[in-house]
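Enquirer: Here's the letter readout for the chains.
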Amino acid sequence: MTLDTVSILDGSTFVVSDRRGDLDATPTENHGLFLEDTRFLSRWVLTVGGIRPKTLSVDEQAYFKVQFFEAVTTGTVYVDSHLSVVRRRCVTTGFEETIEIENHGKEAVELEVKLEAGSDFADLFEVKDKLAKVGELYNNITDGTLTLGYRRGTFVRETRIHADKKGEVHGDGFVFKVKIPAQDKWSVSFEVEARGRRADIDEADTLRRSTSHQEKGLGSSLGEWIAKAPQLIASWDPLNKIYRRSLVDLAALRFEIGITPGALPAAGLPWFMAIFGRDSLLTSFQALAFAPELAAATLRGLAVLQARTNDPFRDAEPGKILHEVRFGEMTAFEDRPQSPYYGAADATMLFLILLEEYDRWTGDHTVARDLEREARAALNWIDEYGDRDKDGYVEYERRDPKTGLDNQCWKDSWDSIAFADGTLAPLPRATCELQGYVYDAKHRMARVAREIWNDPALAEKLDREADQLKVRFNRDFWIPDRGFFALALDGQKRKVDSLTSNIGHLLWSGIADDDKADLCMKHLMSDELFSGWGIRTMAASEGSYNPIGYHVGTVWPHDSSFVAWGLRRYGYRAEAARICRAILEAADLFDGRLPEAFGGYPRLQTNYPVEYPTACSPQAWATGAPLLVLRTLLGLDSDGKHLIVDPAIPQPLGRIELLSIPGCWGSMDAFGRALSMSENED
Amino acid sequence: MANEGSEQAGGDRLLGHTAPGLAGLYGRLRITVAGKPVGTLVVEGIYCALIPDVTGPADATALCADDETMRKLLRGQLNPFIASMQRQARLAGDRGFGTRVILGLQVGSPFAGDSGKGILP
Numbered sequence: 001m002t003l004d005t006v007s008i009l010d011g012s013t014f015v016v017s018d019r020r021g022d023l024d025a026t027p028t029e030n031h032g033l034f035l036e037d038t039r040f041l042s043r044w045v046l047t048v049g050g051i052r053p054k055t056l057s058v059d060e061q062a063y064f065k066v067q068f069f070e071a072v073t074t075g076t077v078y079v080d081s082h083l084s085v086v087r088r089r090c091v092t093t094g095f096e097e098t099i100e101i102e103n104h105g106k107e108a109v110e111l112e113v114k115l116e117a118g119s120d121f122a123d124l125f126e127v128k129d130k131l132a133k134v135g136e137l138y139n140n141i142t143d144g145t146l147t148l149g150y151r152r153g154t155f156v157r158e159t160r161i162h163a164d165k166k167g168e169v170h171g172d173g174f175v176f177k178v179k180i181p182a183q184d185k186w187s188v189s190f191e192v193e194a195r196g197r198r199a200d201i202d203e204a205d206t207l208r209r210s211t212s213h214q215e216k217g218l219g220s221s222l223g224e225w226i227a228k229a230p231q232l233i234a235s236w237d238p239l240n241k242i243y244r245r246s247l248v249d250l251a252a253l254r255f256e257i258g259i260t261p262g263a264l265p266a267a268g269l270p271w272f273m274a275i276f277g278r279d280s281l282l283t284s285f286q287a288l289a290f291a292p293e294l295a296a297a298t299l300r301g302l303a304v305l306q307a308r309t310n311d312p313f314r315d316a317e318p319g320k321i322l323h324e325v326r327f328g329e330m331t332a333f334e335d336r337p338q339s340p341y342y343g344a345a346d347a348t349m350l351f352l353i354l355l356e357e358y359d360r361w362t363g364d365h366t367v368a369r370d371l372e373r374e375a376r377a378a379l380n381w382i383d384e385y386g387d388r389d390k391d392g393y394v395e396y397e398r399r400d401p402k403t404g405l406d407n408q409c410w411k412d413s414w415d416s417i418a419f420a421d422g423t424l425a426p427l428p429r430a431t432c433e434l435q436g437y438v439y440d441a442k443h444r445m446a447r448v449a450r451e452i453w454n455d456p457a458l459a460e461k462l463d464r465e466a467d468q469l470k471v472r473f474n475r476d477f478w479i480p481d482r483g484f485f486a487l488a489l490d491g492q493k494r495k496v497d498s499l500t501s502n503i504g505h506l507l508w509s510g511i512a513d514d515d516k517a518d519l520c521m522k523h524l525m526s527d528e529l530f531s532g533w534g535i536r537t538m539a540a541s542e543g544s545y546n547p548i549g550y551h552v553g554t555v556w557p558h559d560s561s562f563v564a565w566g567l568r569r570y571g572y573r574a575e576a577a578r579i580c581r582a583i584l585e586a587a588d589l590f591d592g593r594l595p596e597a598f599g600g601y602p603r604l605q606t607n608y609p610v611e612y613p614t615a616c617s618p619q620a621w622a623t624g625a626p627l628l629v630l631r632t633l634l635g636l637d638s639d640g641k642h643l644i645v646d647p648a649i650p651q652p653l654g655r656i657e658l659l660s661i662p663g664c665w666g667s668m669d670a671f672g673r674a675l676s677m678s679e680n681e682d
Numbered sequence: 001m002a003n004e005g006s007e008q009a010g011g012d013r014l015l016g017h018t019a020p021g022l023a024g025l026y027g028r029l030r031i032t033v034a035g036k037p038v039g040t041l042v043v044e045g046i047y048c049a050l051i052p053d054v055t056g057p058a059d060a061t062a063l064c065a066d067d068e069t070m071r072k073l074l075r076g077q078l079n080p081f082i083a084s085m086q087r088q089a090r091l092a093g094d095r096g097f098g099t100r101v102i103l104g105l106q107v108g109s110p111f112a113g114d115s116g117k118g119i120l121p
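If you read the sequences in order, they're chains A and B. Be aware that the first sequence starts at 1, since it is given in the working numbering, and climbs by one per residue. Be aware that the second sequence starts at 1, since it is given in the working numbering, and climbs by one per residue.
These are calculated hints, taken from the structure and not from any lab test. A couple of the hints might just be wrong.
[Said to hold, decoys possible] With a straight-line Cα cutoff of 30 Å, these simulated BS3-like cross-link-like pairs (lysine-lysine) come out:
#1 A:Lys402 with B:Lys72
#2 A:Lys495 with A:Lys402
#3 B:Lys72 with A:Lys133
#4 A:Lys185 with A:Lys114
#5 A:Lys495 with A:Lys522
#6 A:Lys461 with A:Lys641
Looking at chain B on its own, in the form it has when it is part of the complex (with noise of 0.2 Å):
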């Protein structure tokens, strides 16, 4: 499972951008947007990484169908269900984890205030 806490993360860990709302989840989280990879998040207990991995081992993946369907995830502003109802975002894999993580990034996202042109692809 993948928020009983892996440590095999292998990216680089961003610390100082911690996300109150990710206590207790590990894992890794892939986005794609229009369905090319675009990174993946690395979440370890409260702190989170975007790093730029397409290729590694992701527990669940985020598809995205356009950049601001996925600066709207990372940035804590998206409702998962109404996302996936209109078709913008849906997840594949361990959806458990990718709705925790998700709705995790709602309570305090590291990414919050980034405009795009900042640490988001």
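Okay, chain A solo, but in the shape it has when bound (with noise of 0.2 Å):
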């Protein structure tokens, strides 16, 4: 997201405008009202007199409202204008916007004001990669509400738009003739639903909500949001604002799937707010000491959306977790597979992490109990399916070359699985960090079998598996003469050499040995993988490096969190503060927010992290670190009957108290402060 645009969401309803709060579509401007991955309004001008009014400020007042400060200025120098303009808008099933406009003269003046509306009805692939229409666009004015609509074949999808003011109703928007007395004001009101897949069914709904309940329950939703997470006292200040931030992005990314309870995060404004199981299952991770009913959500919701079948198109097979979901029209017609796809190698294993340790943390167990036919089904998948060539590790390929993703991990850019002199890798690719999960996921799972299923015999056969499969991994993916784990094995079971960030994952699931583990260790905090703000996708050293390249050079913060819960595992403590530092500074350095990537630059040469051209912000999974990371400053883990609390937090961030953290032992509350150089000696 470029600085001058503006955006307010709610769900997957959200507004992208420039800073006047216009609407103006482009190929390089994606602005637009989008619900369902579609594109509603793709033009929503407001002249005043023939004026575009000039931008003085703009109030974001939530996540879901905002209000523009305008004046209607002809540009001369020293001549004040008498004219102002206040725009306050609030997403609905659409949105609302009031538009006031103020006479500061002394004299009454006569005004067009106008509003051009029209729209695209673009799906959001169309958008970003600039695809024309092939259904037809219409619009009809009946009872002073326009109506803007797409048709092909049963795909219907329309945008209504109603003014409580009398004027003049066009196909292409709004024009009303004013007259403002001196010292007066004058103002117009816009509805504009967005009709999706669902209006005829949802729109007695609709019609019960009126925009002012809307609004009241979005705020007061995000108070009780707020209140219901753990309270955080921090004495370094910015970690307050940071923690704030995180918990209300957090809140604007939640999404309700309406099949299952909850809402369960979507994946980031703006081209993401969708359901995708990786984002939503990492992202609940991360937040689980914080908000655990969002793992309960995700998990319920992705349960119900397992794969049966086996299905190329999409890239699904019994048991699968899926990777994404879409309801734009060229989903609809399947000239893409999201309905949904399952190219996604990890979220499966990521599912039954998640499970366990929701089950732990929570000692709710009705997850666990009313999820065993999903996660057997999910455990089949990983030998049956996911190893395609039975060599014991899971890998990927696409299986529909046209519109399957070619790399199935959280890298899934084409050019992350690389060697490290550059070369890509050949499929399919066995990456490193899956091993991890399946090593973490078996072992978990036996837990919950033993305990929960009573099924010792899975639970014995689950945990020999995980061993067995440990000391496999150790001996084919470590690159003896480079002292790491090798990033994949290809096709052709080659070791990929290059050095990244995927061996911190294998730190987190806990699949590498000690002494391997202690090698990695020294790696991740080299100044080839640590810039100084986290830890980089890919190592400065290798051959496809590129400090701006989205999966080879740039730091994710959620990666660098995860990275340093693993070293925390491993017992190395002041490598996981000072990563959990970085992420906090570079998070502050951000106004609170971190992107989902930023620059790979090193610290000594930036005296703040350089941004990634374009980064998703808010971003489910960017919005978690600084969450994983307080977890991890403050050693929080569950023993299943306790919270234990072990912090190891560097100087600079003082002393900080999490209150109210619940749990299986109900709320209890953590400390901790930064020893003294001697202290730390001690």
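Grab the two chains, each in its own frame, and use the hints to assemble them into the complex.
Expert: Structure below.
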């Protein structure tokens, strides 16, 4: 997101405008009102007396509402404007906007107020890839309501716009002839309703909810969300702001899928306000100590949508957890496979990992019991389908060469899995972290099988398989002459020898032997991987390294947070704390909100982390990063009965108090303070 | 919740009509075509029965645009996401239960081979 746009959102509905409040979509400006992966409004431009008002200030009151303060000026210096404009906008099932024009002059004014409206009904994929429409655009006017529509067979999407003041209504907008007395105001309110795939069914519900009711509901929902989360008191003041920002952004990204209770985190604004299995699972893991209900909703939602059939177009196999769900036109006509798409090789293991973590943290065993069938199917997927060639490792290769994803690990850009010399690794690829996740998932599910499902035989089998995998992995993936684990085994079972952040995920999962973990830690903390702001996705020493390469050199805050958590697992407290501090300092420089990724430039070279050009913000797992960082700094864990607190806090962060942490213990407080140098030495 | 094992189905259980993909599900899915109720799918674990009841209780309703969509649903050939996006079929009521049933029928539906002249309405 560029800084010259303003975004408000709720669930999958979001509005991206310029700083005037206008939507003026062009191939380079992705403005619009979006719902269900479709742009319902691409033009929404206000003119007052033929002039587009000039922005004075933008007041982003909450994630779902904003005010624009503007003046109608001729651009002449030293001539005060007598007309000011305030635009107030709030997301609903579209949005509501009130435009208030005030005449500060001593004489009445007569004006033409015009609101141009239009929609291209572009699928988000079309917006990104600049594709042309296939169906028919139309508009009609009934009882003063302007309807903009798009039809392609039975695929119908409409935007209905209604003003509360009488004016001229045209196919391209509204015109009002206005006379405003001296020192007086005139205002008009618009309701813009996006009618998606469930418009008819949801109509009654929509009518029941007035905008003010909905706004009030959103406000109280946010207030309750914040109040329910643990309270943070940090002596390093920026941490308080970062924490609150994370909670608010996480609230904004909550996404109700309607088929199971609760909301799960959507992946990120603007392109990823959708269900992504991996993103929701990792974010819920990061947020578990703060908002465990996200994990329950994520697990239950993804369980319903678990694949039942073998479908090459969607990369689906029985038991697999989905990658992505979309509702736009290209998905509806199967030009794209996201209905749902299952091209994620890690989501199934992450589902199992989160299931056990949730169970142990909260003591709520109902989810593990209710989802036993799905969890067993997921375990079956790992060995039956995930390990495609039965070599003992999970690997991936898309089955539809036109639409499938090349890389089905978290680093899913085309060039992310490369040898040290920059050569791309042939498919199928067995990336190292996938094996770590299998190891972790099997051990965790062994506990669930033993303690919740009363199936000791399965528990023993899973523990045995995990232990055998660890032995194999430490033999087959280790690169002795470089002293770290291969990024992957390629299609010819060669070790892909790039040094990457993936080795940090191996520490999170616990698959690395202790002696090898020590060498990995040294690599992670080296200048090649640790930029000073976080862990680079790829080391600066490697052939593909690019400090602004999406997965080949940038720093991803979520990645760094899991690396830090992994270091804690192996006892590297000081190193974990150093990474945590770096992430938090970066967050402070991003005004409390970490982007999806930022440049991998060394900290010695820049006083601030360099922005990545197309990073999503807010993005769910970047929002979750400070939460997992807090958990890491305080050393918070659960043994299934008690909250374990084992702080390791670097000096500048001082003292951290986290109050009312929910879990199987009820509610507990945790305290930690940085030790002085001498105490550290002791 | 529909899927937690209510035994008050009240319809004729069509023993022998097994649907392995419905394992663990219990409840009733009302089916309408072009706004008119045409029957109810009673689900009891891996068994299911299509009964002519159009007024009794139901946990969810599958609103089908036409006969062909309804048949696709019962045969396990309907992708509920595509159908919903194209406004061919939608769910009301307990949509979690409805989604599970539609997806579950994709795994060995007892109606898979029915041409429309057999047990399907």
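Enquirer: The structure should be examined with respect to each hint, and the outcome stated for every one.
Expert: Verification of the hints:
no., hint, result
1, A:Lys402 with B:Lys72, "holds (27 Å)"
2, A:Lys495 with A:Lys402, "holds (27 Å)"
3, B:Lys72 with A:Lys133, "holds (28 Å)"
4, A:Lys185 with A:Lys114, "holds (16 Å)"
5, A:Lys495 with A:Lys522, "holds (20 Å)"
6, A:Lys461 with A:Lys641, "holds (26 Å)"
When each numbered hint is compared with the structure, no violation occurs for any of them.
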